[in-house]
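J.: Residue-level listing of the chains:
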Amino acid sequence: MSKLFFDRLLSLEEVEKEINKVTSTKEEKDELWAIVDEIVHHRVLGCVLEKLPKKDHTEFLEKFHEAPYDEGLITYLTEKIGENIEEIIRQEIGGLAFELLAEIRGKETEKPDSQSEKK
Amino acid sequence: MPKYPARTYEDIGKDKIGFEYLRNKLKLKNLETKSSFSKKFPHVEKFFAERGLDLSKIREHSAKLIGASALTGTLLLAPPTNIKFLPSPQEIVEKLKVEGQKVSEDVPQKVFVESLSSYLPDNPRPLSREEEKNLEQLFSNLLGVKAKASLEGEHLNTTYGLIGAEQHLKRYPGDSVGNHGPYLKEGIAPGLGAWGYFARSQKELTPSLEEDEKWYAVVQTLYLPDWNTRFKYLRDWYKYRKVLIVNTDNGNAVVAAIADSGPAAWTGKQYGGSPEVMEYLGGPRYKKGPVLIFFVDDPENRVLLGPVEYNKLNLPEIALRSI
Chain A
0 MSKLFFDRLL
10 SLEEVEKEIN
20 KVTSTKEEKD
30 ELWAIVDEIV
40 HHRVLGCVLE
50 KLPKKDHTEF
60 LEKFHEAPYD
70 EGLITYLTEK
80 IGENIEEIIR
90 QEIGGLAFEL
100 LAEIRGKETE
110 KPDSQSEKK
Chain B
0 MPKYPARTYE
10 DIGKDKIGFE
20 YLRNKLKLKN
30 LETKSSFSKK
40 FPHVEKFFAE
50 RGLDLSKIRE
60 HSAKLIGASA
70 LTGTLLLAPP
80 TNIKFLPSPQ
90 EIVEKLKVEG
100 QKVSEDVPQK
110 VFVESLSSYL
120 PDNPRPLSRE
130 EEKNLEQLFS
140 NLLGVKAKAS
150 LEGEHLNTTY
160 GLIGAEQHLK
170 RYPGDSVGNH
180 GPYLKEGIAP
190 GLGAWGYFAR
200 SQKELTPSLE
210 EDEKWYAVVQ
220 TLYLPDWNTR
230 FKYLRDWYKY
240 RKVLIVNTDN
250 GNAVVAAIAD
260 SGPAAWTGKQ
270 YGGSPEVMEY
280 LGGPRYKKGP
290 VLIFFVDDPE
300 NRVLLGPVEY
310 NKLNLPEIAL
320 RSI
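As they're listed, the protein sequences go chains A and B.
Counted the way numbering that gives the first Met the number 0 counts, the first sequence spans residues 0 to 118.
Counted the way numbering that gives the first Met the number 0 counts, the second sequence spans residues 0 to 322.
It is possible that some hints are incorrect.
[What the hints assert, rightly or not] One-sided excerpt, in silico: chain B residues whose CB lies under 10 Å from chain A:
1. 26
2. 39
3. 47
4. 57
5. 58
6. 65
7. 156
8. 166
9. 229
10. 282
11. 283
12. 284
[Said to hold, decoys possible] Covered stretches of chain B, going by a simulated chain A footprint (3 or more residues, C-beta under 8 Å):
13. 179-190
14. 261-274
[Said to hold, decoys possible] Restricting the straight-line Cα-Cα distance to at most 25 Å, the calculated cross-link-like pairs of lysine-lysine (PhoX-like) are:
15. B:213 <-> A:54
16. A:25 <-> B:38
17. B:38 <-> A:53
18. A:62 <-> B:56
19. B:184 <-> A:25
20. B:24 <-> A:16
21. A:62 <-> B:39
Because the hints were derived from the structure by calculation, they are not lab data.
Even for Gly, the Cβ is constructed at its ideal location relative to N, Cα and C.
Construct the complete structure from the given sequences, taking the supplied hints into account.
T.: This is the structure we're talking about:
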């Protein structure tokens with residue numbers, strides 16, 4: 000049960016499809032998955048900490064460090080922030096998906112030109 | 000410009016460029032993200048550094064904590080939040096006894112779907128051991144399949160989660176999607192499954208291996224807390240391990256063989272199913288949905304892969320529906 004409290008809010012299926020297109024071994028896939036995972040951790044924690052009052056940062060970090068899998072952290076954050084933190088995280092992930100896909104698909108549109116140049 | 004057979008190396012080159020390009024792009028994005036995070040929240044960096052933890056490795060940290068908690072039993076004692084507990088084993092046995100009379104002469108799928116909806120929590124989440132035991136009884140009584148959440152000491156990260164549609168897998172070198180009818184539109188994965196080719200050549204592909212690919216499942220072995228420490232054993236244990244997959248929305252059930260690892264945690268899904276598995280679970284438009292996945296307890300290898308036909312008397316309004 001290697002999970003993080005925000006896992007069920009993530010939905011980067013389109014990014015997964017793009018990774019599947021260019022990877023030919025399990026090792027390659029795992030490597031790219033791990034990089035995306037790191038980006039996600041930082042982006043989610045960043046958006047949470049931006050909303051959370053500074054005075055509560057240490058308490059939250061202690062809780063997160065003790066049990067990063069605990070979905071009860073969503074309830075804790077909602078109480079402290081006073082906003083729908085699930086929606087905030089979903090929006091952050093949606094924005095990240097857009098950024099990643101723009102970069103990945105940008106390359107695809109460049110490909111024909113670069114190939115024709117080689118020919 | 001025509002492509003000459005002798006120039007197949009060009010395809011390899013193209014794929015490689017795609018991977019390298021994407022890896023570099025993602026690495027750059029990762030560096031930017033981390034740098035921005037460090038600037039905004041230096042105290043957070045310090046907090047983790049003092050505890051000898053890198054935020055990038057938080058998933059591994061979580062796995063260690065969960066692994067340790069499972070050993071001491073502390074995690075299991077803490078009830079999940081916002082849940083609806085299943086009835087006790089005694090209650091479910093009594094209920095099954097009563098409903099058992101109806102089952103033989105009525106429609107089992109209707110009873111099964113109703114039972115699932117009343118026993119399961121509203122949203123997929125890891126189930127408690129007690130809840131899993133109740134479901135094991137339900138599967139045995141209504142589906143006729145002996146399935147276990149824990150088998151030989153092994154347990155998936157979660158037995159109740161979301162399944163997503165996967166592509167066909169290459170069974171041997173040179174295999175193509177055209178050999179995987181009738182479900183061709185899903186395509187074939189460019190890479191191999193976690194256990195590589197099913198056979199070294201087309202000649203060595205046995206009917207049994209054909210079935211393994213046809214009815215394959217994907218589970219998150221890579222996120223198992225002990226995957227790295229017990230890699231060799233677990234890799235062999237999970238290879239083509241039979242699992243019972245139950246669509247909790249309509250009661251359709253299928254026995255599949257684990258043949259790939261995934262999906263990534265950030266996809267929001269916990270499992271994957273081959274085109275055939277997904278077609279049977281929910282119809283041609285079924286791409287994602289909640290399912291239960293339990294190991295099939297089949298030491299004598301008697302259970303066949305494919306649909307569990309307890310529901311031959313399907314209710315048209317709920318069975319094999321498209322979602």
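J.: Next step is simple, just say for each hint if it's right about the structure.
T.: The hints, checked one at a time:
1. 26: This hint holds: residue 26 (chain B) lies near chain A, its Cβ roughly 6 Å from the closest one there, short of 10 Å.
2. 39: With Cβ-Cβ at 7 Å, under 10 Å, it holds.
3. 47: holds (8 Å)
4. 57: holds (5 Å)
5. 58: With a minimum Cβ separation of about 6 Å from chain A (threshold 10 Å), the hint on residue 58 (chain B) holds.
6. 65: holds (5 Å)
7. 156: This interface hint holds because 5 Å falls under the 10 Å limit.
8. 166: holds (8 Å)
9. 229: violated (14 Å)
10. 282: The hint is violated - residue 282 (chain B) has no Cβ within 10 Å of chain A, the shortest such distance being about 20 Å.
11. 283: violated (19 Å)
12. 284: For residue 284 (chain B), the interface hint is violated, since the closest Cβ of chain A sits about 16 Å away, which is over 10 Å.
13. 179-190: holds (count 3)
14. 261-274: holds (count 8)
15. B:213 <-> A:54: Answer violated: residue 213 (chain B) to residue 54 (chain A) is near 55 Å, above 25 Å.
16. A:25 <-> B:38: Since the Cα atoms of residue 25 (chain A) and residue 38 (chain B) sit roughly 34 Å apart, the hinted pair is violated (cutoff 25 Å).
17. B:38 <-> A:53: holds (15 Å)
18. A:62 <-> B:56: holds (17 Å)
19. B:184 <-> A:25: Distance ~23 Å between residue 184 (chain B) and residue 25 (chain A) Cα, so the pair holds.
20. B:24 <-> A:16: Holds, at about 16 Å.
21. A:62 <-> B:39: At roughly 20 Å apart (the allowed maximum being 25 Å), residue 39 (chain B) and residue 62 (chain A) satisfy the hint.
In this structure, the hints that do not hold are numbers 9, 10, 11, 12, 15 and 16, in rising order.
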